[in-house]
Amino acid sequence: MTRTTRSRRLAWLAAAAAASTLLTACGGSSDAGDTSAPVAEQTMDQQLHDMLPAGIQSAGKLSIGTEALYPPFESFAEDNKTIVGLDPDIAHAVGQLLGVDVEFTHTAFDGLLTALDGGRFDLVAAAVTDTKDREKQYDFVDYFLTGQAIVVKKGNPEGIHGVTDLCGKPVAVLKASTQEKLLGQFNDDECSGNPIEIGSFQNDKDALLQVQSGRDVASFTQDAVGAYNSATIGGGNQFELANTEALLPTPVGMVFQKEDSQLRDAVQAALEKLIANGTYQEILTKYQLTSGVVDSITVNGATA
Amino acid sequence: MTTQSPERVRPAPIKAVPVRRTGQWISAALVVAVLAALGWSIATNENLQWSVVGQYLFDSSILKGAVTTVELTVLSMLLGILLGIVLAVMRLSANPVLRTVSAGYLWFFRGTPVLVQIVLWFNLALVFPRLGFGSLSVDTNSVISAFGAALLALTLNEGAYMAEIVRGGILSVDQGQTEAAHALGLTGARTMRRIVLPQAMRVIVPPTGNEVVTMLKTTSLLAVIGAEELFTNAQKIGARDFTVFPLLLVACFWYLVLTSVLTLVQSKLERRFARGTSHGAPAGPGALQRMFAGRMLRSPEGGAA
Amino acid sequence: MTGTTMVKAENVHKSFGQVDVLKGIDLEVANGEVFCLLGPSGSGKSTFLRCINHLERIDAGRLSVDGKLIGYKEIAGKLHEMHEREVAAQRRDIGMVFQRFNLFPHMTALENVMEAPVQVRGESKAAARERGLALLDRVGLGDRAGNYPAQLSGGQQQRVAIARALAMQPKLMLFDEPTSALDPELVGEVLDVMKDLAREGMTMIVVTHEIGFAREVADTVVFMDGGVVVESGKPAEVIGNPQHARTKAFLSKVL
Chain A
5 MTRTTRSRRL
15 AWLAAAAAAS
25 TLLTACGGSS
35 DAGDTSAPVA
45 EQTMDQQLHD
55 MLPAGIQSAG
65 KLSIGTEALY
75 PPFESFAEDN
85 KTIVGLDPDI
95 AHAVGQLLGV
105 DVEFTHTAFD
115 GLLTALDGGR
125 FDLVAAAVTD
135 TKDREKQYDF
145 VDYFLTGQAI
155 VVKKGNPEGI
165 HGVTDLCGKP
175 VAVLKASTQE
185 KLLGQFNDDE
195 CSGNPIEIGS
205 FQNDKDALLQ
215 VQSGRDVASF
225 TQDAVGAYNS
235 ATIGGGNQFE
245 LANTEALLPT
255 PVGMVFQKED
265 SQLRDAVQAA
275 LEKLIANGTY
285 QEILTKYQLT
295 SGVVDSITVN
305 GATA
Chain B
166 MTTQSPERVR
176 PAPIKAVPVR
186 RTGQWISAAL
196 VVAVLAALGW
206 SIATNENLQW
216 SVVGQYLFDS
226 SILKGAVTTV
236 ELTVLSMLLG
246 ILLGIVLAVM
256 RLSANPVLRT
266 VSAGYLWFFR
276 GTPVLVQIVL
286 WFNLALVFPR
296 LGFGSLSVDT
306 NSVISAFGAA
316 LLALTLNEGA
326 YMAEIVRGGI
336 LSVDQGQTEA
346 AHALGLTGAR
356 TMRRIVLPQA
366 MRVIVPPTGN
376 EVVTMLKTTS
386 LLAVIGAEEL
396 FTNAQKIGAR
406 DFTVFPLLLV
416 ACFWYLVLTS
426 VLTLVQSKLE
436 RRFARGTSHG
446 APAGPGALQR
456 MFAGRMLRSP
466 EGGAA
Chain C
486 MTGTTMVKAE
496 NVHKSFGQVD
506 VLKGIDLEVA
516 NGEVFCLLGP
526 SGSGKSTFLR
536 CINHLERIDA
546 GRLSVDGKLI
556 GYKEIAGKLH
566 EMHEREVAAQ
576 RRDIGMVFQR
586 FNLFPHMTAL
596 ENVMEAPVQV
606 RGESKAAARE
616 RGLALLDRVG
626 LGDRAGNYPA
636 QLSGGQQQRV
646 AIARALAMQP
656 KLMLFDEPTS
666 ALDPELVGEV
676 LDVMKDLARE
686 GMTMIVVTHE
696 IGFAREVADT
706 VVFMDGGVVV
716 ESGKPAEVIG
726 NPQHARTKAF
736 LSKVL
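Protein chains in written order, with the working numbering: chain A, 5 to 308; chain B, 166 to 470; chain C, 486 to 740.
These are computed hints drawn from the structure, not numbers from a lab.
Yeah, the Cβ is synthetic: ideal placement off N, Cα and C, and Gly gets one too.
Hints may be right or wrong, so weigh each one.
What the hints assert, rightly or not - Quick list of in silico lysine-lysine cross-link-like pairs, BS3-like style, CA-CA up to 27 Å:
| # | chain 1 | residue 1 | chain 2 | residue 2 |
| --- | --- | --- | --- | --- |
| 1 | B | 382 | B | 229 |
| 2 | B | 382 | A | 85 |
| 3 | A | 179 | A | 136 |
| 4 | C | 733 | C | 719 |
| 5 | A | 85 | B | 229 |
| 6 | B | 382 | A | 179 |
| 7 | C | 563 | C | 553 |
| 8 | A | 157 | A | 173 |
| 9 | C | 656 | C | 558 |
Claimed, not checked - With beta-carbon atoms standing in for the labels, derived distance ranges:
| # | chain 1 | residue 1 | chain 2 | residue 2 | range |
| --- | --- | --- | --- | --- | --- |
| 10 | B | 339 | C | 697 | 29 to 39 Å |
| 11 | A | 166 | B | 194 | 48 to 58 Å |
| 12 | A | 204 | B | 225 | 30 to 40 Å |
| 13 | C | 566 | B | 339 | 21 to 31 Å |
Stated by the list, open to error - Which chain B residues stay away from chain C? Per the calculated CB distances, all over 12 Å, these:
| # | residue |
| --- | --- |
| 14 | 177 |
| 15 | 188 |
| 16 | 189 |
| 17 | 264 |
| 18 | 270 |
| 19 | 375 |
| 20 | 389 |
| 21 | 424 |
| 22 | 429 |
All chains, please: the whole structure from these sequences, using the hints.
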């Protein structure tokens, strides 16, 4: 399926700008939107179920790895046991269509793919960005389009407006994320000679803490997460997005081992059905993440 | 001129003016002032969000995490101590194979960071997808859960450190004890169990207590494999509403509480194993009494002699 | 004195590394005999004593107790090392008292005495306790049964050590300078116990500096120096009328 990157980018830019202004204008104290609203229950589709590998069918469940410290994609509910967010909602809907249970397990972000290799999970759903490098080792079923964002203290005291403003400054980022890699690339291009001091942290919130304490001037994160945090933390008065332009949009996908192509195809088909019956749109709207909507589910759609 | 000295009348007791400890009082006052200022600054600091700390201090997820932390600590220490004793005895054995195997084990498990070991055991399936032989094998991942990997990593790592502590304890027991036991006809194993190890415990318990206290905190590393212990659960709550720092304080509070309890248990154990020596039962005045002993010696009448 | 030999040493040699400590010891100790070993430090007397119950392994020669080789067994003319368990079995019949007592500090006096009979001979605790109390009585410490070694004087500790060794009902008792670590006023009580033991006919080999004891109690006195037996005979001979220059020199310094 072809689409011009440029027009896609422009559409995304408009949507992102609208979304972030909408979110920051909200200024409410709690989560954006009613994220506790249940998603429409799916009925099992026998055809989809039969696409599953025999092992999964007999096990009757999908084991999914995630790092639930990343709202609105995944985080822990009040009981500190149930994982909620965009990814769990989508995954549960997929599971219902496929006629299997879905079991989420939380572990550290930089350990997810290794655990996938070891067979501990059937797939990883942790808002993992799809990149050409990662595609060398894993398969991605892309279900969301994200961009990158620079999160700074409210009021933007350092006057950051783009990547070049980060050169020579300390920036916080999630360890082993695509964003960390991108910062490294900036240091080779835009910031060569005056490199960004990259601070990598165990989870995204730890990185954000460095912005709050002033140790880092900004945190470089996924656009959806950055917008969510800016809108919800401290009633929207602690952080804001520094960039007004879209930054390097990349697809987000569920991650599969290369040899699990059968499972991958079954999940892709299920996701396609969720788009077709409107549930996909419903879920994205629930989390106010419609900026990342995709028309169709691709496999390994990374361009960078 | 009698040769026998007469009985002397006992004079009034010595009433000397005590040394003025001005320096001590001044430094004590300074320390108290600094601590008070620090305490005030911390107590009134808004960034610490004390209300959030209070809100989650007794949260059920935090308490459950603390219980899991204790479980992991106790289990891995018990197993680690047993393993350590075995390894120490092997290390001191006359059998060169046992000695070498033990030395090799110690070298590996003390030579790699415990964090790395935790991640390795969690991902064991990468190396051995199945454990066992042929049809009697099981899927590695179903056997080794996060809790299982945690227990494995902590126990095997602790065993190595305990081995050296136990070995030190065994070596500290006088050679004559072993000779006397052998001379009586006790075999090596009996001698070790009944004569040497009980005496070695006196030397083993203090550093072991230290190891337990360390293990309590080492369990926090298990956050990297998502084990539901104290630190992980605090982390989860903190990430939800960006109350990261207050939840860290909550975790600190419970680590402190647990450490204090452990320290108390340790001192009780030390007393028990010091049975039969001068350290077994405390004698003489306690610390408080000794501090004010100077006062007590001064007579109420006062005045120079 | 009966004629059977309890300990027989034939040309026994022992070295520690490069140092030759025993350079050919020939001795015979008869059953029921009190045998005293005298000599300067470094003469090898303690080492020889420790060879008798295989705490030290001999390098050459033959050493046997009650007719059986110690630490080795002879099978078809070849010497085989004994397994640890077999050595332990041999040691059951040989009691040893050490210079520094070596009582087990984490056990009471009575528990010290009971330990070996219960653990090694499998006696019941009740029987061992009864015999233990009787033995402690015999060495004059019946009222101290519940005390820990740290609560006893040196002389008392050594007497408990003797009771402990006797608890195994040994055929032979070895004493390695039993009073050398004691204050002078405590020596007498230990020697008294040893004298009683001798009177009851126990075979005793005593390494000691107590010449008075040797003269009074010993049946045979041996003077060792430099790893060899210099002179041996009845006390009146060796101590009263030494023949060799080295013996004379030693005794003149000690007496």
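Okay, the hints, checked on the actual structure:
About 16 Å separates the Cα atoms of residue 382 (chain B) and residue 229 (chain B), which keeps this hinted pair within 27 Å; it holds. Annotation: proposed proximity of residue 382 (chain B) to residue 85 (chain A) holds, straight-line Cα distance about 23 Å (limit 27 Å). Taking the CA atoms of residue 179 (chain A) and residue 136 (chain A), the gap is about 19 Å. The hint holds against a cut of 27 Å. The straight-line distance between the Cα atoms of residue 733 (chain C) and residue 719 (chain C) is roughly 15 Å, inside the 27 Å bound, and the hint therefore holds.
Taking the CA atoms of residue 85 (chain A) and residue 229 (chain B), the gap is near 11 Å; set against the 27 Å cutoff, the hint holds. Proposed proximity of residue 382 (chain B) and residue 179 (chain A) is supported: the alpha carbons are some 23 Å apart, at most 27 Å. A C-alpha spacing of about 15 Å is found between residue 563 (chain C) and residue 553 (chain C), which places the hinted pair at or below 27 Å, so the restraint holds. With a C-alpha separation of about 14 Å, the suggested pairing of residue 157 (chain A) with residue 173 (chain A) holds against the 27 Å cut-off.
Straight-line distance between C-alpha atoms of residue 656 (chain C) and residue 558 (chain C) comes to about 20 Å, which keeps the hinted pair within the 27 Å bound. Restraint check, residue 339 (chain B) to residue 697 (chain C): a C-beta distance of roughly 30 Å satisfies the suggested window 29 to 39 Å. Distance hint check: the CB atoms of residue 166 (chain A) and residue 194 (chain B) are about 56 Å apart, consistent with the given range 48 to 58 Å. For residue 204 (chain A) paired with residue 225 (chain B), a C-beta distance near 33 Å keeps the hint of 30 to 40 Å intact.
Between residue 566 (chain C) and residue 339 (chain B) the CB atoms are about 27 Å apart, so this pair conforms to the stated range of 21 to 31 Å. A cut-off of 12 Å between C-beta atoms confirms that residue 177 (chain B) is not in contact with chain C; the least separation is 39 Å. Annotated as non-interface, residue 188 (chain B) keeps its C-beta farther than 12 Å from every C-beta of chain C; the closest such distance is 40 Å. Listed as a non-interface residue, residue 189 (chain B) keeps its Cβ farther than 12 Å from every Cβ of chain C; the least gap is roughly 37 Å.
Annotated as non-interface, residue 264 (chain B) keeps its C-beta farther than 12 Å from every C-beta of chain C; the closest such distance is 17 Å. At the 12 Å boundary, the C-beta of residue 270 (chain B) stays outside the reach of chain C, the nearest C-beta of that chain being 25 Å off. At the 12 Å boundary, the C-beta of residue 375 (chain B) stays outside the reach of chain C, the nearest C-beta of that chain being 23 Å off. The claim that residue 389 (chain B) lies off the interface holds: its Cβ sits roughly 43 Å from the closest Cβ of chain C, which is beyond the 12 Å cut-off.
Its beta-carbon lying about 29 Å from the closest one in chain C, residue 424 (chain B) satisfies the requirement of being farther than 12 Å from that chain. Residue placement check: residue 429 (chain B) keeps its beta carbon more than 12 Å from all beta carbons of chain C (closest about 23 Å).
Hint compliance for this structure: no hint is broken.
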